[in-house]
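Engineer: If you number the sequence shown the way the numbering used here does, the last residue is 309 and the count never jumps.
Any given hint could turn out to be false.
Claimed, not checked - Under the rule of at most 35 Å between Cα atoms (straight-line distance), these lysine-lysine pairs were calculated in the DSBU-like manner:
hint	residue 1	residue 2
1	Lys146	Lys165
2	Lys203	Lys165
3	Lys146	Lys168
What the hints contain is simulated information worked out from the structure, not anything from laboratory work.
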Amino acid sequence: MTRVEFIRELDQRLSELPDKERLDLLSNYTQHFLAEMEKGKKEEEIAASLGSPAQIAEEILTGYHLSRMKANATIPKAPRMIIAGIGLGFFNVVVVLGPFLAIAGSIIGLWVAAFALILSPVALMAYLAPPVSGDEMAYAVFGGMAAVGFGLLVAIVLYYVTKWMYRLTVLYVRFNLRLIRGE
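Based on the provided sequences and hints, a complete structural model is requested.
Structural biologist: Laid out in structure tokens, this is it:
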């Protein structure tokens, strides 16, 4: 990557920064390139030693956003956040926790049932160990195949239900955090 490509990509990735700060940073990196080139290094070597512009921009933007958050943090929000947190905590324990645990318990129970159905042919093989008649053998084999098939279907459906439940839980927790922060 040449100096021009490096600076151009860094400029694009730092577009969120105010112009003055962005131009100062780009000037510093340009000066670094020029100083290293005077020492005899090639542009590609210098760019490689600096790292990727994406990673540099991410670190710079993270620091910028953190400093903005600290500058915008106000003390009067603290009591309101505490009251909102207590109120939401009470609401979540009284109203949300019971149904959540019931649904989560049901999902766990259904997963156990699905695995039991999938593994049920092992029990059928133990049953078939002593000599049995041909009809019993046919019923056991087809019953075992049906149990495995049904268990697999239940497991597939539960996979999507569990994924959906996880996403809903994450959304609800994020919603609570936004309420507490007052966003």
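Engineer: Indicate, hint by hint, whether the structure satisfies it.
Structural biologist: Going through the hints against the structure:
1. Lys146 to Lys165: Roughly 29 Å between the alpha carbons, so the hint for Lys146 and Lys165 holds.
2. Lys203 to Lys165: At roughly 53 Å apart (the allowed maximum being 35 Å), Lys165 and Lys203 break the hint.
3. Lys146 to Lys168: This hinted pair holds, its Cα atoms lying about 29 Å apart.
Going through the hint list in order, the structure does not satisfy hint 2, though it satisfies all others.
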